[in-house]
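Quick note: the sequence shown uses our numbering, first residue 1, plus one each step.
Certain hints may be false.
[Unchecked claim] In silico lysine-lysine, DSSO-like type, Cα no more than 27 angstroms apart, as pairs:
no., residue 1, residue 2
1, LYS75, LYS53
2, LYS57, LYS75
3, LYS112, LYS73
4, LYS73, LYS57
5, LYS130, LYS112
6, LYS53, LYS43
7, LYS43, LYS61
8, LYS53, LYS73
9, LYS73, LYS61
10, LYS43, LYS57
11, LYS75, LYS112
12, LYS43, LYS75
13, LYS49, LYS61
14, LYS50, LYS72
15, LYS72, LYS53
16, LYS61, LYS72
17, LYS61, LYS50
18, LYS72, LYS49
19, LYS127, LYS112
20, LYS133, LYS112
21, LYS72, LYS57
22, LYS49, LYS73
It is worth saying that the hints were derived from the structure and are not from the lab.
On a predicted model such as this, the values are computed, not experimentally measured, just so you know.
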Amino acid sequence: MTYKPDEPVLEDKDDDDEDDDDDDKDDDEVEGQHDGDASGRSKQSRSEKKSRKAMLKLGMKPIPGVSRVTVKKSKNVGQFKAPDLSNVISQPETSAVAQDDEEVDETGVELKDIELVMTQAGVTRSKAVKALKAADGDIVTAIMDLTN
């Protein structure tokens, strides 16, 4: 048991006061953890410590004289539902396909080269053909031009 040098040491032989001695020990350990709270001298539970830490992270400051804080939330279950992004992502692709859906002369370009450029660069067939023709059939140059 730790004692402060300022306090006199008193010992009682009664069994009833053993709990009081334990409380004094807890008060000494927890004394530095209170944020100016003069009324509360009991040991903080783990959940109370976590709650205080969470509130400090949210930017809330301890107010002297306040002993209880009640946080209420709505009865609805708080689940975040993200908007369906598949529609948003696919819409620009369909507009790009509509713009570049024109027929392109594929003569002089191999079919497997077109497919490779389409998959690697993620572009439409007409863009892949145009890039391959501009690069004189060089697949690497066509892909680099489309991705940059």
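Each hint, compared with the structure:
Between LYS75 and LYS53, the direct Cα distance comes to roughly 25 angstroms. Compliance with the 27 angstroms bound is thereby established for this hinted pair. A distance of roughly 25 angstroms separates the Cα atoms of LYS57 and LYS75; the hinted pair therefore holds under the 27 angstroms criterion. A hinted pair counts as satisfied when its Cα atoms are at most 27 angstroms apart, and LYS112 with LYS73 does not qualify at roughly 59 angstroms. Proximity of LYS73 to LYS57 is assessed by CA-CA distance (about 19 angstroms); at most 27 angstroms being required, the pair is judged to hold.
Restraint check for LYS130 and LYS112: the C-alpha separation of about 15 angstroms stays at or below 27 angstroms, so the hint holds. Under the criterion of a C-alpha separation no larger than 27 angstroms, the hint pairing LYS53 with LYS43 is consistent with the structure, at around 16 angstroms. For the suggested pair LYS43 and LYS61, the alpha carbons sit about 20 angstroms apart, so the restraint of at most 27 angstroms is met. Proposed proximity of LYS53 and LYS73 is supported: the alpha carbons are some 20 angstroms apart, at most 27 angstroms.
A hinted pair counts as satisfied when its Cα atoms are at most 27 angstroms apart, and LYS73 with LYS61 qualifies at roughly 20 angstroms. Restraint check for LYS43 and LYS57: satisfied, since their Cα atoms lie roughly 22 angstroms apart, inside the 27 angstroms limit. For the suggested pair LYS75 and LYS112, the alpha carbons sit about 58 angstroms apart, so the restraint of at most 27 angstroms is broken. With a CA separation close to 32 angstroms, the supplied pair LYS43 and LYS75 exceeds the 27 angstroms bound.
Distance restraint check for LYS49 and LYS61: the Cα-Cα separation of roughly 14 angstroms lies within the 27 angstroms cut-off, and the hinted pair is therefore satisfied. Pair hint LYS50 plus LYS72 holds up; C-alpha atoms about 18 angstroms apart against a cutoff of 27 angstroms. With a C-alpha separation of about 18 angstroms, the suggested pairing of LYS72 with LYS53 holds against the 27 angstroms cut-off. A C-alpha spacing of about 18 angstroms is found between LYS61 and LYS72, which places the hinted pair at or below 27 angstroms, so the restraint holds.
Taking the CA atoms of LYS61 and LYS50, the gap is near 15 angstroms; set against the 27 angstroms cutoff, the hint holds. Distance check on the hinted pair: LYS72 and LYS49 sit about 19 angstroms apart at the alpha-carbon level, within 27 angstroms; holds. The straight-line distance between the Cα atoms of LYS127 and LYS112 is roughly 15 angstroms, inside the 27 angstroms bound, and the hint therefore holds. Only pairs whose Cα atoms come within 27 angstroms are accepted, and LYS133 paired with LYS112 is accepted, the gap being roughly 14 angstroms.
This hinted pair checks out: LYS72 and LYS57 have alpha carbons roughly 18 angstroms apart, not beyond 27 angstroms. Taking the CA atoms of LYS49 and LYS73, the gap is near 21 angstroms; set against the 27 angstroms cutoff, the hint holds.
Violated hints for the displayed structure, listed by number in ascending order: 3, 11, 12.
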